[in-house]
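J.: Just so we're aligned, residue 1 is where the sequence shown starts under the UniProt record's numbering, counting upward by one.
None of these hints come from the bench; they were simulated from the model.
Quick caveat, the model's predicted, so the values are computed rather than measured.
One thing to keep in mind: the hints can contain errors.
Straight-line alpha carbon distances no greater than 25 angstroms define the calculated BS3-like cross-link-like pairs of lysine-lysine that follow [claimed, not checked]:
(1) K54 / K20
(2) K294 / K271
(3) K20 / K158
(4) K20 / K81
(5) K271 / K137
(6) K293 / K271
(7) K44 / K54
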Amino acid sequence: GTGKSLLARAIHHRSPRRDKPFIEVSCGALPETLLESELFGHVKGAFTGAVGEKPGRFMAADGGTLFLDEINSATPLMQVKLLRVLQERTFEPVGSSESRTVDVRVVLATNVDLAQLVAEQRFRQDLYYRINVVNVKLPPLRDRPNDVTLLAAHFLRKLAKEAGREVIGFDEAAMAALLRYPWPGNVRELENAIERAVVLCRRPHVGVDDLPETVREMAAELSPAGRTARAMTVVGDGCGPDDGVLVLQQPMPLERALELPERLIIEAALKRNNWNRQQTATELDINRTTLYKKMRKYGMLGVGEVA
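With the sequences and hints as input, model every part of the structure.
T.: Now the structure itself:
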């Protein structure tokens, strides 16, 4: 739920393999007997019900990317088969002695510590070393406020297009609420919240009232009374470097516009740290005096804080 599938897709679409297939398999959702056939395919008569030949996901992803989620759930026998195809790029479909060759980038994800499983002899050490090349750790969404902004923009653009709705961004209060909410359901919960907002929104920009009740409860005054809320619009076509960028819809001095994301990020960090200044300053890698000055600048002093 932290966005592993999204990251795998991003890796694929930014690689030379982008024009080839991206195939995703959840290893934990299938029993071993079905998983082997799903990955490697089978020939006619390989087992009861195999009335014809079926190419597996490795062949379907040939030239592209195969994303294997929950690799930690693979059985010892499946781990052996995976190790061979990763090392030699060859495999045999179920019921066949004829080897097939594939050229596939394999991206794997796990929700447990594989090193610990190796220590407990529940995961093959040779397979672990074979796949432990480049690691990307995805912390919970609540610890990635910048990702909340980018993902919200991505989902808004995607879902509004699918629904045929003219919803182009978020107002300032709605974005503040999204940043304050801890997202226990991670990326899936965020996507569902944006989908709801797209369906309910009757304005060009999503407002707090369009968000789920659990998210609305996190909404509070972003700034001192009397300051006009600003609207932020999503730009980008989903492919370019500006994909998912938020821009201000209403005119605003550059200095004020640049302050907006800083204020939202500081407020989100304060919320995560229960308004403890020292912990927040440490997280943001700034000194406590700098944090105090910024809190005073943005009218945050005395708002549920702990010195």
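J.: Does each hint hold? Answer for all of them.
T.: Now for the hints, and whether the structure bears them out:
| no. | hint | verdict |
| --- | --- | --- |
| 1 | K54 / K20 | holds, 20 angstroms |
| 2 | K294 / K271 | holds, 15 angstroms |
| 3 | K20 / K158 | holds, 21 angstroms |
| 4 | K20 / K81 | holds, 24 angstroms |
| 5 | K271 / K137 | holds, 23 angstroms |
| 6 | K293 / K271 | holds, 17 angstroms |
| 7 | K44 / K54 | holds, 8 angstroms |
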